[in-house]
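Line by line, the protein sequences give chains A and B. Terminal number for the first sequence in this note's numbering: 272, no gaps in between. Terminal number for the second sequence in this note's numbering: 272, no gaps in between.
Please note that the accuracy of each hint is not assured.
When chains are identical, the list treats them as one kind, so a pair holds in a single copy or across two.
[Said to hold, decoys possible] When the alpha-carbon atoms are kept at most 30 Å apart in a straight line, the in silico DSBU-like pairs for lysine-lysine are as follows:
id	residue 1	residue 2
1	K58	K251
2	K169	K58
3	K92	K181
4	K92	K251
5	K58	K237
6	K181	K251
7	K169	K181
Calculated from the structure, these hints are not laboratory results. For clarity, every value in this text was computed on a predicted model and none was experimentally measured.
There are 2 protein chains.
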Amino acid sequence: MSIEQLNSENPIGIFDSGIGGLTVVKAIQAALPSERLIYFGDTARVPYGPKSQVTIRKYAADDTAILMRYQPKVIIVACNTVSALALDVVEKSCGNIPVIGVLKSGAKLAVEWTNNNRIGVIGTQATVCSNAYACAINQLDPDIEVISQACPLFVPLAEEGFINHPVTKLVAEHYLGEIRKQDIDTLVLGCTHYPILRQVIEETIGGGIHIIDSAEAVALRTRELLSESGLLNRSGKASVPHLLVSDLPQKFSMLYQLFMGSELPDVDLVEV
Amino acid sequence: MSIEQLNSENPIGIFDSGIGGLTVVKAIQAALPSERLIYFGDTARVPYGPKSQVTIRKYAADDTAILMRYQPKVIIVACNTVSALALDVVEKSCGNIPVIGVLKSGAKLAVEWTNNNRIGVIGTQATVCSNAYACAINQLDPDIEVISQACPLFVPLAEEGFINHPVTKLVAEHYLGEIRKQDIDTLVLGCTHYPILRQVIEETIGGGIHIIDSAEAVALRTRELLSESGLLNRSGKASVPHLLVSDLPQKFSMLYQLFMGSELPDVDLVEV
Chain A
1 MSIEQLNSEN
11 PIGIFDSGIG
21 GLTVVKAIQA
31 ALPSERLIYF
41 GDTARVPYGP
51 KSQVTIRKYA
61 ADDTAILMRY
71 QPKVIIVACN
81 TVSALALDVV
91 EKSCGNIPVI
101 GVLKSGAKLA
111 VEWTNNNRIG
121 VIGTQATVCS
131 NAYACAINQL
141 DPDIEVISQA
151 CPLFVPLAEE
161 GFINHPVTKL
171 VAEHYLGEIR
181 KQDIDTLVLG
191 CTHYPILRQV
201 IEETIGGGIH
211 IIDSAEAVAL
221 RTRELLSESG
231 LLNRSGKASV
241 PHLLVSDLPQ
251 KFSMLYQLFM
261 GSELPDVDLV
271 EV
Chain B
1 MSIEQLNSEN
11 PIGIFDSGIG
21 GLTVVKAIQA
31 ALPSERLIYF
41 GDTARVPYGP
51 KSQVTIRKYA
61 ADDTAILMRY
71 QPKVIIVACN
81 TVSALALDVV
91 EKSCGNIPVI
101 GVLKSGAKLA
111 VEWTNNNRIG
121 VIGTQATVCS
131 NAYACAINQL
141 DPDIEVISQA
151 CPLFVPLAEE
161 GFINHPVTKL
171 VAEHYLGEIR
181 KQDIDTLVLG
191 CTHYPILRQV
201 IEETIGGGIH
211 IIDSAEAVAL
221 RTRELLSESG
231 LLNRSGKASV
241 PHLLVSDLPQ
251 KFSMLYQLFM
261 GSELPDVDLV
271 EV
C-alpha cells in the first residue's frame, strides 16, 4: 500500500513492549480526539529494556506484523528501546506506511527547548547504551552536549505503583544526583513509563529544568505528519482504543487504570 | 525413555525463567560436585513472575523441550513461578524422567523446620497468588498456618546489584514489616533471586527466624532422589555447567558473576 492509497479513516497503529506505551495513547487521544487508535502491547515478553539488540529487533518485526493486519495509516513506535535499536526494522516491515518513533520526536522537541545546549536524557539500559538519543540530538545540532543516565528501576517502581513512595525518591536521588550537577536545562523522559513518576523526577532534578515527555512529543509529531499528508480524520468520533496484548496478567486492569485513568475496555489476546 | 533406561552419566537438567536459577546450580554443584549440569535460562522472555498462568504454562513446555534434547536423567524446575503454576506441564512434557520443583522441596524443608507451625513465604506475584506453597505445606501438615507476601521489587533490585543498598532495606521493610508481626519461626525464600538479598531479608525479618533457601532445599532433594534411584554419578569430574540462554544481554556476564561468584563460561544461544 503506498502512502497515496492510505485512507484518513484507517487507524493509527501504536505498539510498545508492554503497557508503558499507554502514555502515548493518552497523549494522542488528547491531541487527536477524532482518530481511531489500535494499540499492541507485547505483555508476554515485556520488558525489552534489559535485553539484547538481536532479540529487540526480532520482537520489533513481530510487533509491526501484528499491527499491519489492521491497515494502519501510520505506525507509532511508543517503545523508546525499539525506537533506539530497531526503528529500521519497523520501517522495512511496513512498506510505505510512515513510521514515527518516540525517540526522534523527543530529541527534536528537546533541541527546540534548550537554551544552554545541555540536554539530559534518562531511559532504560538498552536505550542509554545505544547512544541513540545523543545521535538524534547531535544530528539536529552537533553543538549540543547530551548527558545520559540509565534508570532501570523506574519501570518496576512505576508498575508496582510506588509513585510518590520514599523508595522511589531514594532511587531517583541515586540515579539523578549526578546529572543534577551537570547544568542541563532540559531533561528528556526517554521511556514511556517515566511520566508516571514525573513528580518525583521533577522534584529530584530541581527547579528550572524543562521536562520533555516523549509521549507528548510523539503526539505533536503525529498530528503534524497526518496534517501534512492529508490523513487527518476530521469526521471520526472519540472512541476507546482497540487494545491487543500478548498476555493478560492479573494486574493488567490495575495498570491500565494507573496509566489511562479510566476503566479497562475489552482487550484482544494475540499470539506472538 | 523409562527411568530404568536412564544412565547415571547423563546430565542433570535445570531451567529457570532467567538467571535466578543459577542459585540452584550453585547449590547443586556444592551438594553433587561429580554431576554434569545443563542449565537453560529463558532470558529472552524473563520475567515470568508478573505474567499470566496461560503464558507461564506455554513457556514451561518450551523450556522443558529445550532441556530434553540433552537427555537429562532428572529435570529440576529452578523457577518457583513454574513450580507453582506449571509443574504438571513439565511432567507431561518429559515422559518418565523424574521432575523436581523448587517449590515442593522448599515446602518439605520448611515443614521439617517449623516448631510453632507458623511459616512465612515470600515470592513473586504469580507464585504467591497461586497459593501453591500453602497447598504444598498443608498437604504435608494441615495444621500449619502459612503467611505469604509477594515481593515483586526484590527481583529487579537483585538484578541491579542493589544488594545492601538503603533502597533495598526500605523495600524489605515495606514488604516484610507486616509478616514480621505474624509470629512465624520459618521463612521460605520462594524465589531463586532472593538468596542474593538474604542478608537484608534476615536483618529485616529479625533474629530467631529460620530461613529456607529453596535452592538448597532442591539440591538436597535431588541428591536424595538420585541416590534412591541409583542414578548418582560417582565417576564424574567437577565441571562448569553447560549454559543455554534464549538471549544474551549486555549485563549477562555481570549477573553471572553476581550469582555464581566466578567468570562466565561459554554460553549457547537457543531460539524459543
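- request: Starting from the hint list further up, note which numbers the structure goes against and sort them upward.
  value: 2, 3 and 5
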